[in-house]
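Given only the sequences and the hints, what does the whole structure look like? Please build it.
Protein chains in written order, with numbering that gives the first Met the number 0: chain A, 0 to 217; chain B, 0 to 270.
Treat the hints as calculated values from the structure; they're not laboratory data. Even glycine gets a Cβ: it sits at the ideal position worked out from N, Cα and C. Treat each hint with caution, since some may be false.
[To be verified] Below, a list of computed lysine-lysine pairs in the DSS-like style, where the Cα atoms sit at most 30 Å apart:
#1 B:K124 to A:K203
#2 B:K57 to A:K55
#3 B:K57 to B:K204
#4 B:K204 to A:K210
[Said to hold, decoys possible] Residues from chain B that keep clear of chain A, each with C-beta distances beyond 12 Å, as calculated:
#5 G142
#6 D180
#7 V205
#8 A209
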Amino acid sequence: MSYRTLVTSLALAALIGGGMAHGQAVQAQGVASASMSAPDALVKSLSEDVLASIRKDPTLQSGDIARLNGLVDEKILPYVNFEKMTRLAVGRGWRDASPEQRQALTREFRSLLVRTYAGAVSAAKDYQVQMKPFRAEPSETDVTVRTQAVPSRGDPIQLDYRLEKTAAGWKIYDVNVLGVWLVENYRNTFAGEINRGGIDGLIKSLTERNKALEGKAS
Amino acid sequence: MRALRLCGRLVAAVLLAGALAACASIPPGAGSNPADPWEVYNRNVFEFNDGVDRAVLKPIAQAYEAVVNEDIRGCINNAFLNLLEPVNAINNLLQGKPVAAASDLCRLAINSTLGIAGCLDIAAKIGLQRSNEDFGQTLGRWGLQPGPYFVLPLLGPSSVRDTFGRLFDFLGTDPIWYIQDVPVRNSLVGARLVDTRASLLPAEKVLEAAALDRYQFVRDAFLQFRRNLVYDGNPPRLADPEEDDADEAPAPKQPAAGQPAADQPKPAATR
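As structure tokens, then:
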């Protein structure tokens, strides 16, 4: 029973910020103003905005990578701190990485996440997002926003976000699907790759993985 | 007698399929993770399970998905989960959550009747959400740590604690094992297995894409997932060991390429 739910959750791990339907219309002010306001409002409008885009775009639903990258650049990227996400997943090794290596790591990790996302995007349109109660002191700069994705049939899926307040507003830096935090789940693998082949070894593994996925998709 | 011989041959074929696949590549440093001291054994069993799955279970699940209508599959899935409501109720009670236990029993009553033998989840529509409880979680709630990660042959990822938990579920609370008619019981157990496997098919593609190392990815997800369940979706946040000021520091000018690989994490000398 638990294993079934687990693997289902892994599929949905790809639903970063998106993949969640909501019956209500996206609020008129859009996401831009939300990043300056409350973090839960940001998550809500971002989820709804991304979902609306997926629902009206059959090419996107088919998992088209170019189209998906466009969506990520336009809608998701401004509200996600991919660099922090990568830094936390890489862990100690980040300190030894040169700026070029850091850029390469962030680029390849992001590419892997987008490709993973592509596999789940078609299922996304059948979900609705529900916000869970959110309480935070106004002074807090690091918060967890808790939501659940409710499918048209079946049990709801826990979907939480960690956000950090930056000068440019709130930014998501980790996602949790049914209790599995994305960053945490890559940490051991990345550390092992760095132990074996250094930072460049990890970059190489990520690049090869992305190339292999590219080959499969075409 | 003939049936018995056939059964023996089938079992041998299944085990052979697994054994053929079970030459797991063991990376250097395997077993150094404190959560997974038995990594070498675990990786081999993981590969074995994968071989059995690819040869036997997955093709059956794919055929089931291709032949049986989606609505009917949803109904069957609900019916099997409905059978597990007593497991949820007993464990919620053991964890000191009588309201949740009452909700599970109420779900069982509503879905078994109005929901047509559990086919429809009517109770969810009136706001009674399905629990996901088992004895492994109860042990965790009582303060027992999971212990080493442990991949069970044919059954998949587990921990020492959850293995005892499964044994208790199997011997004590899972209603399917109480069915006296052995052919009926075994058919249901088999059908439940196919139902479970079929429900995993869509997820598999994503797992294949996301994981650099499938074994590690599944292990780390399993351990996080179970911890989350023990705390009913709200576990205390783990300290972020890497998150400190040193990590925010600008990158060193010298590229770190070709640095000697360390088997152990370096001491945080720069902090």
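* Asked: Which numbered hints does this structure break?
  -> The structure conflicts with hints 1, 2, 7 and 8, although it agrees with all the remaining ones.
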